[in-house]
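**Q** Spelled out from the first residue to the last, the chains are:
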Amino acid sequence: MKPVRFLTIAALALASFAADGVDPAKFAQPPTTSWPTYNGDYSGRRFSPLTKINTGNIDALTLAWVHRMNVGPFGGGSIKATPLVIDGVLYYTFPDHVWALDARNGRELWHYAWDSTGGIHIGNRGAAAYKDYLYFETPDCHLVALDRNTGTKRWTQTICDLDLMYYGSVAPVVVKNHLIVGVSGDDLDIPGYLESRDLETGALQWHFSVVPQPGEPGSETWPNAEAMKHGGGMTWIPITYDPDLNLIYVGTGNPQPVIAGKGRLGDNLYTESIIAIDADTGKMKWWFQPSPHDTHDWDATQTPVLFNGTIDGQPRKLLAQASRNGFFFVIDRVTGKKVVTSEFVKTNWSKGIDQLGRPIPDPAKMPQFDGALVTPNQGGAANWPPTSFSPQTGLFYVNASHAYSVYYLFDTDEKPEGWGGNDRGGWGEAMLEAIDYRTGKIKWSHKWAGGGGRSGVLTTAGNLIFAGDASDNFVALNASTGEPLWHANLGQNVSNGPITFEMDGSQYVVVAAGDTLYAFVMLAK
Amino acid sequence: MPFPCSNARWLCLAAASAALLVPWAGSAQTLPDGAGKDVVLRACSVCHPAAMVSGRFMSREQWNAEVSKMVQEGAKLSDAEFTQVVDYLAKSFPSNGAAAGQVAGRGGRGGRFGFGMTQQPSGPAPGRGGAAGGAGPIDMQVVDTAAADRGRTVYIAECVTCHGPRARGAGDGVPEAQKGPDLVRSLVVLHDRYGKEIGPFLRKGHPLQSGRPASTLTEAQIADLSHFLHQKVADTLRSGPYSRVQNVLTGDAKAGEAFFEGAGGCKQCHSPTGDLAGIASRLDPPTIQQRFLFPGAGGGRRGGGGAPPRKPVTVTVAAASGPAVTGTLLYLDDFTVALRDANGQYRSFTRGRAVKVERHDPVQAHIDLLPRYTDKNIHDIVAYLETLK
Chain A
167 MKPVRFLTIA ALALASFAAD GVDPAKFAQP PTTSWPTYNG DYSGRRFSPL
217 TKINTGNIDA LTLAWVHRMN VGPFGGGSIK ATPLVIDGVL YYTFPDHVWA
267 LDARNGRELW HYAWDSTGGI HIGNRGAAAY KDYLYFETPD CHLVALDRNT
317 GTKRWTQTIC DLDLMYYGSV APVVVKNHLI VGVSGDDLDI PGYLESRDLE
367 TGALQWHFSV VPQPGEPGSE TWPNAEAMKH GGGMTWIPIT YDPDLNLIYV
417 GTGNPQPVIA GKGRLGDNLY TESIIAIDAD TGKMKWWFQP SPHDTHDWDA
467 TQTPVLFNGT IDGQPRKLLA QASRNGFFFV IDRVTGKKVV TSEFVKTNWS
517 KGIDQLGRPI PDPAKMPQFD GALVTPNQGG AANWPPTSFS PQTGLFYVNA
567 SHAYSVYYLF DTDEKPEGWG GNDRGGWGEA MLEAIDYRTG KIKWSHKWAG
617 GGGRSGVLTT AGNLIFAGDA SDNFVALNAS TGEPLWHANL GQNVSNGPIT
667 FEMDGSQYVV VAAGDTLYAF VMLAK
Chain B
22 MPFPCSNARW LCLAAASAAL LVPWAGSAQT LPDGAGKDVV LRACSVCHPA
72 AMVSGRFMSR EQWNAEVSKM VQEGAKLSDA EFTQVVDYLA KSFPSNGAAA
122 GQVAGRGGRG GRFGFGMTQQ PSGPAPGRGG AAGGAGPIDM QVVDTAAADR
172 GRTVYIAECV TCHGPRARGA GDGVPEAQKG PDLVRSLVVL HDRYGKEIGP
222 FLRKGHPLQS GRPASTLTEA QIADLSHFLH QKVADTLRSG PYSRVQNVLT
272 GDAKAGEAFF EGAGGCKQCH SPTGDLAGIA SRLDPPTIQQ RFLFPGAGGG
322 RRGGGGAPPR KPVTVTVAAA SGPAVTGTLL YLDDFTVALR DANGQYRSFT
372 RGRAVKVERH DPVQAHIDLL PRYTDKNIHD IVAYLETLK
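Heads up: the sequence lines are chains A and B, in that order.
Read in order, the letters of the first sequence correspond to residues 167 to 691 in this note's numbering.
Read in order, the letters of the second sequence correspond to residues 22 to 410 in this note's numbering.
Quick caveat, the hints were computed from the structure, so don't treat them as lab data.
Incorrect hints may have been included.
Here are some, though not all, of the chain A residues that point toward chain B, as calculated from beta-carbon distances under 7 Å [stated by the list, open to error]:
#1 535
#2 576
#3 650
All residues carry an ideal CB built from backbone N, CA and C; glycine is no exception.
Given these sequences and hints, build the entire structure.
**A** Okay, structure coming up:
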């Protein structure tokens, strides 16, 4: 394939990013000397045009520095954030915490600690930067703006209701004059939403409700107003954005109650959907639903990855997602119409594909009182860790899991609430997969001998993939063949999506493993 | 929900700076002492704040399932450590909350994410109601179960007709005029602390089913009602009393026996009069179901007490030169393989194209069945094994 447009821009980017700073207008281009957003750019591809580290010299990669958080309940904890790198400064987050480091040596410039009033502290995906601002969400439902230079607080806004057990974990994303923020929360039955906030004040610009109101389109996929009002659909993975179409793409989480779906019969739009939203108005342009009426906690929040490709000889603007339910979707990002639907791991829960390209759930594989053996398990065939698309190989990469568990219904009530069931037990194996976006076929699959890590994936124009396994190895593989070329055992599992950038003529790769950030470098000759 | 952290190993047990630890300060100290505490600290804390571990009160079966799930998600525990962790958690945080009082400063907070469902015989304890690190606010109400019991009496006398027995709203049989909303999902209840919201709301003239004015409810009755309603919210959470496996004995024992003897190939390794004799006396049906489905990974082999030690996975490593070595597999990834040989010697090898590694898993036949079973097969096998008393 020849995704010409992005490659051309990539070449231009090498020159244009010399100016540095934070210019959202440039987030459409693959980053080189910076990593200014969660995904590096707006596309979610996590592909770097840098080539100073490549298949020919990877053996010469050396450790540059290490930074350990030294916070958390016992000094432990796991960094799930993708760092930002701007003007030689690296920013990363952990629930209630933000650090700024000198990207040349890992030395701490400042550390900000938020005084929490509660909320789930399971992870924080990262920060967003604009001018001198650095924004992040807290578990206790706050959006916080810091002064990026000093780490001091500028302002805060409440973005959700902690009493309803919402929490904040997603990395905000700057789009034009908007700060796009999402919410998390899966314990009580509450509605999901996405909001746009003012960059200077945090004031609300628009509010998009994932589940429709009675009478609105999509409401016909719910039995009643009560189910809609408590229907879930959290927005806990950062959005992607197409500046030409001015569309934001967000994947939405599971419907609620999570496991017991008896009280919400229907497709439950727009939960477990990929939704295109006008960046300025917050109005929905189109939707595509990877998991109609899910009962397995298979959030379809996995990053909607944007790239241009060729389908049947025609250039197309595409969007792809390796979804938690085990299916790989390619859709037209202008219209939302399906292009490819395929399994990227073997599943057993659907009865086929409908006309829209959605898997049709098999009622027998919904949770049962006496148990239903289901694959994938609740962890999913994929989960939050970022995937990657390389325009160089035309392949989509995902750290995938093939696992079984038994799903049980627990709640015998006429009107189940909360979860109402869960899965138990399990067996699984895991592999790094390369998927041909044109067909959905697996080009190659590298099964991890020691099990699969839930790590993110990075690809580079050096024809490399960086990813983690479940044995604490940070691994570089040949992007064309899947052959492992280099590894380092970091003592804890790779826990975020790796990033790369160039500084002083040297190319760096930064990755988190547990409570520690590691920077590797190919030193300039 | 977000996937639980897949990391499990952690490196240091360094005392973290309390200044940076505002919401969690003191958490480590609140874990009660007991055998296995050190393993919990090591294996669980890499991902979970102490309060997320300690704030839940569950049965041994539930802890088993939970820890199994964590192992499946990557928590690194040996079999012996697994048992230690479940023992510790089941003893320290039992479903009846009897040991809750041992948790200094935490009061009777229970339920997975904070709302108390635990017994709290001596009234509201000092400490926070919310689960630091868990869902909801830190100042969440600590349910006083004695007060909740009194509140139930008030509820039954004044509220149950319109709001239903579980406070989830009236059922279908209730006349429209008497249909009250779901109180578990009520913003007034969720924002309430100890009656501070519920009280003023009721006194505005909310009707009571006895016909008397709501203004006649005493402060104490409103506080009791508040405890009862917060308890109903807690019941709805994932670790609430409804979160347990129901009846899995729905299969046909005869068909299960046929599968065991025939298509399943079970009899090649197992015998109803040998290793499986009396298994139904030792294990409950949900445990039996998990055990034969997943004997080699996570939950299955660890479900319930008395799990036999698993036969070790063995490995044969053949290097380019020298004799092949066989032993118990200790470690395997893409780059290294390690084993303990027949002499008790630790051996590790760098993997490469010239090094052949053959893994022999004694439970491979169970894994191979996973894509072959129907759910009917599974329920039939449970029914059959349940006959082996």
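**Q** Quick one: which hint numbers does this structure break? Sort them smallest to largest.
**A** none
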